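S.K.: My request is simple: use the sequences and hints to build the entire structure.
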Amino acid sequence: MAKDHDKEQTLGEALRQQGVSRRGFLKFCAATASLMAMPPSMVPAIAKALDKARRPSVIYLSFQECTGCAESLTRSHSPTLESLMFNAISLDYQETLQAAAGTAAETALHDAMKENHGKYLVLVDGSIPLKDDGVYSTIAGKTNLQILKEAAEGAAAVVAVGTCSSFGGIPKANPNPTGAVSVSELMKSGHIATKPLINVSGCPPIPVVITGVLAHYLTFGEVPALDVHGRPKAFFGETIHDRCYRRPFYDQGKFAKTFDDEGARSGWCLYELGCKGPTTYNACATTKWNGGVSFPVESGHGCLGCSEPNFWDKGSFYAPLSTGHWGTAEGIAAAAAAGAAIGIGAAAMSRRHQDTIAKEE
Amino acid sequence: MDLLTFARGPALQWSVAIFFLGVLWRLFGVFLLRRKKDYSRPRSTHLWRGAIKGLIVHLWPYKEFRPKVVQNYILGYIFHIGLAIVVFFFVPHILFIKNIIGVGWGGLPNTFIYITGAVTVAALVAMLVKRISNPVTRLLSNFDDYFSWFVTIAPVVTGLMAVAHFGARYEHLLAIHILSFELLLVWFPFSKLMHTFFFVVSRGTTGALFERRGTSA
Amino acid sequence: MNDIDTEHPLDLESKRVSVKEPEKRYDMQGEMPDDKRVQTAMRGFVRDFGYIAATYMESCIHCGACAHACHFHEASGDPRHTPIWKLEPFKQAYKREAGPLAFFYKALNLKHKVTVEELQEWQELIYDTCTMCGRCTLICPMSIDIATLVGMARHGMFQAGLVPHELWAVAERAEREGSPLGATPKVFEDRIEWMGDEHEVEMHVNEDKADVLVTMSSIEIQKYPESMAAMAKVLNHMGLSWTFRTDGYEATNFGMLSGNSAWQKDMSMKMINAAIDCGAKLLILPECGHAYGALRWSGANMYGKPLPFEVKHISEFLAEGLQSGQIKVNRVERSVTYHDPCQVSRRGGATEAPRVVLDALGADLHEMEGAGLMNWCCGGGGGVLTIHRADDLRHKMFRIKMDQVEATGAEELLTACSNCRQNFDDNQEYHHWDKTAHSLLDLVADNLAE
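So the protein lines, in turn, are chains A, B and C. So the number in this note's numbering is just where the residue sits in the first sequence, counting from 1, plus 7. So the number in this note's numbering is just where the residue sits in the second sequence, counting from 1, plus 41. So the number in this note's numbering is just where the residue sits in the third sequence, counting from 1, plus 33.
Here's a subset of chain A near chain C, in silico, CB distances under 10 angstroms, partners left out:
(1) 353
(2) 357
(3) 363
(4) 364
By construction, these hints were calculated from the structure, which means they are not laboratory data. These figures come from a predicted structure and were not determined experimentally. Yeah, the Cβ is synthetic: ideal placement off N, Cα and C, and Gly gets one too.
M.R.: Put into structure tokens, the structure is as follows:
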């Protein structure tokens with residue numbers, strides 16, 4: 008990957024080396040600022056900081072994942088921001104992208120960790136299995152837990168990329184056969200060292216959300232303002248519903264009832280078709296995907312709630328949010344029968360009581 | 042398990058079960074008590090007609106009583122009808138019901154629902170004020186009256202709060218709203234809210250009695 | 034002479050006949066330890082709950098509307114006089130002992146156990162300030178039949194020895210000697226003879242066979258004996274075969290009013306047996322209110338099966354006779370108004386009859402506001418008139434009636450209940466009013482066209 012002497016380069020120098028003009032660099036800073044909902048007056052500060060920033064070492068660990076998060080990041084259609092970021096950092100370990108394999112790759116990992124101890128960023132995607140001593144996902148003979156434990160030891164901060172590492176994701180879905188857990192759970196239980204953690208959830212997350220978070224970290228050297236789930240408020244502070252362009256139809260009571268009816272074709276609200284927008288926090292409705300082309304609702308499918316914890320276990324994607332996610336009609340019938348029985352018993356007891364009184368008279 | 046999943050899941054199952062259990066318990070327990078045969082000669086044998094008349098006549102107070110009670114009737118109707126509109130014509134609620142009984146229907150625009158909800162809350166608050174300030178109702182009222190008021194107004198207030206994103210994260214407000222409804226379900230069979238079922242029998246019985254005796258009502 | 038006669042002597046001279054005002058009140062009967070008294074009352078309450086009473090107990094939503102239909106509450110402004118509140122110990126007994134949730138109520142003490150002090154306090158609410166007029170049922174959004182429930186509550190109160198002094202005394206007399214007011218069979222016979230002579234009307238007493246059995250109330254026998262003559266005049270005018278029977282004549286039922294079911298049955302059965310014995314096809318009830326409810330609606334249930342004869346209130350009988358032409362009357366050109374006795378009209382269903390009678394008489398009827406179904410109770414029924422302790426409120430609430438009557442502008446006030454009449458008489462004296470209530474029967478009898 009990066010050569011030793013490159014590590015001495017500042018970010019500004021690296022970008023200039025790649026032919027990014029001052030103007031292009033400032034545009035990048037402005038975009039970063041606006042992404043993080045910061046005022047334009049912050050741009051010079053961002054530019055100054057980034058210019059001088061050292062290219063940080065970034066270790067990208069992939070565990071029980073589908074690689075969708077990495078794909079989302081690298082297959083973006085707007086090369087400017089994302090590839091800029093990738094060039095601005097020193098990505099010292101990334102299984103999909105790196106050329107090395109086998110012991111060479113592992114050596115690179117350990118070298119990077121040793122040389123940048125206490126200063127490197129760990130990016131994690133995929134959940135970590137704990138069941139049966141973690142045998143369900145191992146690399147180079149080591150379980151994911153062991154790898155993460157080692158890496159977290161010397162990390163300056165950890166970014167959980169995607170819902171799997173943020174919350175457990177798909178592997179954690181009922182019945183969770185591998186005992187999958189999230190990075191934050193491991194920190195809370197003491198399995199790994201507790202470090203500043205940013206959860207960038209989403210299945211996958213929006214590319215610019217990742218780069219925006221990294222940019223913030225590089226600029227300010229600290230974790231951005233986080234919500235209760237550890238997600239950056241700048242991107243996860245509002246629900247899809249509150250920013251959805253179809254909201255007026257929700258308010259007017261105009262809902263699509265099937266995926267191809269009049270309402271659907273008129274672009275009406277997808278609440279009845281199971282959209283979880285109201286309880287899903289993400290930037291999809293504003294930032295959108297594929298460089299701002301569209302997002303699921305705009306394409307006619309309800310939000311799955313993929314940036315929320317346990318979104319796979321919250322009932323059908325197609326059941327409206329206001330429906331119960333609950334048990335059985337048989338249970339209700341049993342309760343009703345029990346009630347009737349108790350009532351009959353109570354009436355019988357009351358009658359008997361009356362008979363006793365009458366007899367005593 | 043987060044609060045919303047709990048509210049939509051096990052809490053809902055249990056509260057609906059307790060509701061059905063309690064309602065049937067109370068209804069069977071009352072209607073299976075002794076019935077006394079009346080051997081007197083009736084003036085009319087069309088008792089069903091009397092029962093229906095009894096149900097209908099009490100929809101509005103008699104002229105002589107209006108000055109004293111019509112205010113309560115009006116407030117009562119406002120909040121009952123307001124509740125009905127909010128419960129049965131807000132689309133998310135309709136979908137909840139449709140999920141249970143398999144049948145849904147068209148809803149009303151949300152703004153109309155929100156205004157109705159606010160009016161319902163106002164009427165309920167007014168009724169509480171009246172209950173507390175009137176010496177008769179102050180004497181009569183017990184925990185059942187006040188708690189039933191609370192579990193009736195709580196879903197409306199928490200629903201409005203959820204819609205307004207007021208006081209907490211939306212998913213928590215939504216969970217609290219659902220839980221407040223579940224509290225209503227659990228409290229319902231053991232409280233005066235059962236008048237929902239009993240009014241039919243009590244009005245009908247008296248109506249039938251009046252018919253039997255020829256009381257012109 | 035029974036102790037009762039000396040301990041609770043009658044006062045037949047005052048405007049309302051009752052027991053003389055006691056120097057010392059005995060509002061608790063029998064020697065019983067307090068908890069036994071409470072237990073007896075509760076068991077007495079519980080015994081009566083069928084599904085209808087239970088439904089009513091479950092249906093109250095504490096709206097407080099009933100207070101506004103009750104003349105006692107409207108006169109006193111005391112929230113304790115709210116009709117449904119009068120049933121509070123009764124309701125407690127239901128919830129704790131007979132209702133479907135009784136287990137919870139007892140286990141968690143959700144309704145506390147009634148105390149003897151509370152029962153004593155409630156005696157006034159169940160007896161002194163309730164005439165069981167049933168007006169509250171009309172205002173109740175749930176149509177709870179509070180009047181009937183109060184009647185049921187009185188059963189438990191009687192068994193626990195918690196009946197107001199005077200009411201208990203007259204009820205005891207009635208059971209023992211056949212009349213609450215000293216109108217024993219002997220007195221009855223004597224007064225019949227007296228009326229026959231004075232009004233020159235043929236009386237039939239103790240016939241073996243008759244089509245019509247005529248009953249009277251002790252109030253009439255003792256205070257308005259001319260009613261007996263009036264009855265005779267009308268029936269003779271119609272040429273019917275009728276009789277008084279000294280073995281079954283007392284139409285009042287103080288067993289019912291005091292809450293003693295056994296005595297209620299005894300009192301009703303006397304008349305029923307007399308009617309059966311003489312093969313009567315019709316039993317006429319006199320101008321009395323609760324007598325109508327006692328025999329017309331409860332009599333068959335005392336008997337255990339449908340009665341083998343018809344029962345009519347005198348006002349119904351007169352109306353039918355006038356309509357069929359069997360009774361012919363002269364016209365009376367007078368402006369009148371009519372007070373509906375609660376037990377005959379609202380509770381009994383015979384509202385139209387007096388209007389038919391007045392119409393046939395050609396009287397200029399000015400109906401009171403709320404006449405008929407809605408009529409305000411006179412305030413004296415249900416045994417209230419016998420209780421001296423209840424006089425103050427009874428006099429106070431009577432203003433409602435005076436206002437009602439005055440508003441019609443009518444010259445004369447008529448009614449068909451002698452208890453109402455004596456209440457009007459008593460209040461006329463107290464309030465120095467220029468009007469009182471006169472008998473509808475008398476009016477007809479006085480104007481028969483020969």
